[in-house]
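Peer 1: The listed protein sequences derive, respectively, from chains L and B.
Going letter by letter, the first sequence gives residues 45 to 342 in my numbering.
Going letter by letter, the second sequence gives residues 629 to 1008 in my numbering.
In short, the hints are calculated from the structure, not lab data.
If you're wondering where the values come from, they're calculated on a predicted model, not measured in any experiment.
By construction, the Cβ of each residue, glycine as well, lies at the ideal position given by its N, Cα and C atoms.
Please note that a few of the clues may not be correct.
No more than 20 Å apart at the CA atoms, straight line, and that leaves these computed lysine to any residue pairs for SDA-like [to be verified]:
| hint | chain 1 | residue 1 | chain 2 | residue 2 |
| --- | --- | --- | --- | --- |
| 1 | L | LYS264 | B | ASN992 |
| 2 | L | LYS264 | B | ALA694 |
| 3 | L | LYS264 | B | PRO865 |
| 4 | L | LYS264 | B | LEU647 |
| 5 | L | LYS264 | B | ALA769 |
Partner residues aside, some chain L positions facing chain B, computed with beta carbon under 8 Å [what the hints assert, rightly or not]:
| hint | residue |
| --- | --- |
| 6 | GLU58 |
| 7 | PRO59 |
| 8 | LEU60 |
| 9 | LEU63 |
| 10 | PRO107 |
| 11 | TYR141 |
| 12 | ASP142 |
| 13 | ASP155 |
| 14 | LYS159 |
Computed spacing ranges between beta-carbons, pair by pair [stated by the list, open to error]:
| hint | chain 1 | residue 1 | chain 2 | residue 2 | range |
| --- | --- | --- | --- | --- | --- |
| 15 | B | LEU815 | L | ALA187 | 51 to 59 Å |
| 16 | B | LEU815 | L | LEU63 | 15 to 23 Å |
| 17 | L | GLU150 | B | THR980 | 38 to 46 Å |
| 18 | B | ALA895 | L | ARG130 | 29 to 37 Å |
| 19 | L | ALA48 | B | GLY805 | 50 to 58 Å |
| 20 | B | GLY805 | L | GLU274 | 54 to 62 Å |
| 21 | L | ALA187 | B | GLY996 | 49 to 57 Å |
| 22 | B | PRO994 | L | ARG323 | 42 to 50 Å |
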Amino acid sequence: MSTASPTALIAEDEPLLALALQAELQQAWPALRVLATVGDGASAVRQALALQPDVLFFDIRMPGLSGLEAAEELAEAWPTQGPNARPFPALVFVTAYDQYAVQAFEREAVDYLLKPVQAARLHKTVQKLQQRLAHVAPGANEAKIAATRANDFEATLTQLRGLLRLGLSGDVPAAPSVTPAVLALSAVAPEPLKVLQVSVGTSIHLVAVPEVVYFEAADKYVRVLTAEREYLVRTPLKELLPLLDATQFWQIHRATVVQASRIDKVLRDEAGKLQVVLRDRPEKLPVSRLYAHLFKAL
Amino acid sequence: MSESSPRTLLQHGLQTATLNALIALAIMVFDDRRSLGVNMVYSQCIGLLIWLLIEAGLYLLVQDRARHWRRLVAIVPLSVVLGYVLGTLGAELLLHTHGVGYLSAEPRKFAGLLVVSLLAGAAMTYLFLSRAQLQAERQRAEVALRLAAEARLKLLESQLEPHMLFNTLANLRVLIGLEPARAQTMLDHLIAYLRATLSASRASTHTLEQEFARLQDYLELMAVRMGPRLQFSLTLPPELRQQVVPALLLQPLVENSIQHGLEPQVAGGRVDISASVQGTQLCLQVQDNGVGLAAPVVDVTDLAGVAGATGVAVLAVQKGATCETGTAGAAGSTDASGRGFGLRQVRERLHTLYGSAGSLQVENQPGGGTCSRIVLPLQA
Chain L
45 MSTASPTALI AEDEPLLALA LQAELQQAWP ALRVLATVGD GASAVRQALA
95 LQPDVLFFDI RMPGLSGLEA AEELAEAWPT QGPNARPFPA LVFVTAYDQY
145 AVQAFEREAV DYLLKPVQAA RLHKTVQKLQ QRLAHVAPGA NEAKIAATRA
195 NDFEATLTQL RGLLRLGLSG DVPAAPSVTP AVLALSAVAP EPLKVLQVSV
245 GTSIHLVAVP EVVYFEAADK YVRVLTAERE YLVRTPLKEL LPLLDATQFW
295 QIHRATVVQA SRIDKVLRDE AGKLQVVLRD RPEKLPVSRL YAHLFKAL
Chain B
629 MSESSPRTLL QHGLQTATLN ALIALAIMVF DDRRSLGVNM VYSQCIGLLI
679 WLLIEAGLYL LVQDRARHWR RLVAIVPLSV VLGYVLGTLG AELLLHTHGV
729 GYLSAEPRKF AGLLVVSLLA GAAMTYLFLS RAQLQAERQR AEVALRLAAE
779 ARLKLLESQL EPHMLFNTLA NLRVLIGLEP ARAQTMLDHL IAYLRATLSA
829 SRASTHTLEQ EFARLQDYLE LMAVRMGPRL QFSLTLPPEL RQQVVPALLL
879 QPLVENSIQH GLEPQVAGGR VDISASVQGT QLCLQVQDNG VGLAAPVVDV
929 TDLAGVAGAT GVAVLAVQKG ATCETGTAGA AGSTDASGRG FGLRQVRERL
979 HTLYGSAGSL QVENQPGGGT CSRIVLPLQA
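With the hints as constraints, model all of the structure from the sequences given.
Peer 2: Printed below as a string of structure tokens:
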């Protein structure tokens, strides 16, 4: 595996740029084998799981899943335990000029490349990657390797969480009108949302936010579930989230935000995955790896 | 004066006091029966009181100078008479010379000095008002200039979206090594696009033929980037080529179709742009088969207003009929995907140029994707 030549996967929706990155990598890191190049986020997750490369180059803005969402999904599905366990690949995000993204990357100390990719910058990134791959290479003892891997993975999860919290999503390109306004609102107005106005048919229902057991993103919609009823709203979850009281409403999954006081208990299954059991509803809600740290006290 | 600040008020007061002093001196020249000091007290008492009354009158009754200026005809003489009488009484009180005033002793002189006061009051009012008007006009001109510059900058910013520019340059960089001839063609499109964008930001107009040529530049650039994921067509009937339209009016619509319609789709899609005549109107249409408009989201500023006003944050959300039909919300309102910015800009330009005769409608198509339609008057 990594004892042989290191391997990489490129996810980039613009064919010429994918080609170019591959060519530049060949110059900067001749030993690196690019196993595949894909053009969208969902394929990136699929191929990464199938090919298990050492390094991932993910474009941020891709159709379907963004680079960040793909990384999140991959982290969720990656085998970290058992016989198939492999170290989580080193992640490098690639983006064209995008000041929000760059600020977010800098803040979370995430590796990133700017398009057009410059040779000098790529060289630096390659050196960092080589160092990182070297310290999980064989030679050190088993336990130490496992510990390093776990640390690296934990660090990656923290970084992804940070990027998601900063509202970095590839699918709304620099959205000048929406995202900063929502962010600004959440910054200036600490007053969290108290009532949701949901129109059902011809009437408008007022749903008190404390009554909400959980929110669940479904496609472009959000399901709002109270103990008795279910409503559908068309505001994306990521826009709803900043308006909620963060101490009350916890994001436990990309698609789920649950009211902490409505949680009965959290179960851990054989695979180590967490599930939230609710007080007022029968469903069990999966907790993604990214948010498992919320329930560390268990 | 409606925009009198403490500073201008003080300035006016000092200028009035100076005029009063000059009048006192002048009276001395014609009538040396009183000392300069006595004249000065009278003059200042009367002059300053008249001035204050006029200022108060203007402040209370002449808020809008363009509409209320006729009131000056009443305010100035009334203030002068009132100020003159009260000022005289005040001066007599100050000098303990009660009853020695002109009114009883020398009615002719009293009338003469009243006329002097009237002339002085009118002159000063005219001077102050015209100066304030000049300043207000200068301010208005500055504001207008700033607004125009802001609008231009916004247009430029939205059209020269950095992400688009850098991605295009990145593609160009690759093409130079790979296919120099194609790189040259791409560069030509980029140059034409940049030139059009920069001149359009100076709020010009051009013919529909040029408009379509610039859209083609943009689409060719995007086609290099997106490869087979982008197909497009441009349909311009020959008789409409010379119609004059605001430069790059359609650009934000095409950009929306690509960025928010096609780019999110793995398979991409197509954009069809066409011009046609509908009765006496010119109809410009941008159609795509992308993901369609998302639901309208709440206006965040409104939300803040509501939260601030009532202390309770309320989020108004609309429930869609069903996920499957995906009907559009209020056409063109800000939707979750960030299209709103470009649409607002197109609407503003249409409104400025054509008033109610120009309109933009954006809606989801039954078969998926969006259709944006601009209607404006057809030129003869």
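Peer 1: Within 20 Å, alpha carbon to alpha carbon, are LYS264 (chain L) and PRO865 (chain B)?
Peer 2: violated (39 Å)
Peer 1: Would the hint on ASP142 (chain L) stand, with a C-beta cut-off of 8 Å toward chain B?
Peer 2: holds (6 Å)
Peer 1: Taking the closest Cβ pair, is PRO107 (chain L) under 8 Å from chain B?
Peer 2: holds (5 Å)
Peer 1: Have a go at the TYR141 (chain L) hint: is there a Cβ in chain B nearer than 8 Å to its own Cβ?
Peer 2: Constraint on TYR141 (chain L) satisfied, holds at 4 Å.
Peer 1: Could one say that the CB atoms of GLY805 (chain B) and GLU274 (chain L) fall in the range 54 to 62 Å?
Peer 2: 56 Å Cβ-Cβ, so the 54 to 62 Å window holds.
Peer 1: At a threshold of 8 Å, is the proposed contact between LYS159 (chain L) and chain B supported by beta-carbon distances?
Peer 2: Holds, because the Cβ-Cβ distance from LYS159 (chain L) to chain B comes to roughly 4 Å (cut-off 8 Å).
Peer 1: With respect to the beta-carbon atoms only, verify the hint that LEU815 (chain B) and ALA187 (chain L) lie 51 to 59 Å apart.
Peer 2: Given range 51 to 59 Å: holds, Cβ gap about 57 Å.
Peer 1: Should the interface hint for LEU60 (chain L) be scored as holding, given a Cβ-Cβ cut-off of 8 Å against chain B?
Peer 2: holds (5 Å)
Peer 1: Sort out whether LEU647 (chain B) lies within 20 Å of LYS264 (chain L), counting only the CA atoms.
Peer 2: Between LYS264 (chain L) and LEU647 (chain B) the Cα gap is close to 74 Å, so the pair fails against 20 Å, i.e. violated.
Peer 1: Given LEU63 (chain L) was flagged as interface, is its beta-carbon under 8 Å from a beta-carbon of chain B?
Peer 2: holds (6 Å)
Peer 1: Does the beta carbon distance between ALA187 (chain L) and GLY996 (chain B) stay inside 49 to 57 Å, or does it fall outside?
Peer 2: With a Cβ separation near 55 Å, ALA187 (chain L) and GLY996 (chain B) satisfy 49 to 57 Å, so the hint holds.
Peer 1: Just tell me: holds or violated, for the beta carbon distance of ALA48 (chain L) and GLY805 (chain B) against 50 to 58 Å?
Peer 2: violated (30 Å)
Comparing the model with each earlier hint shows violations of hints 2, 3, 4, 5, 13 and 19; every other hint is respected.
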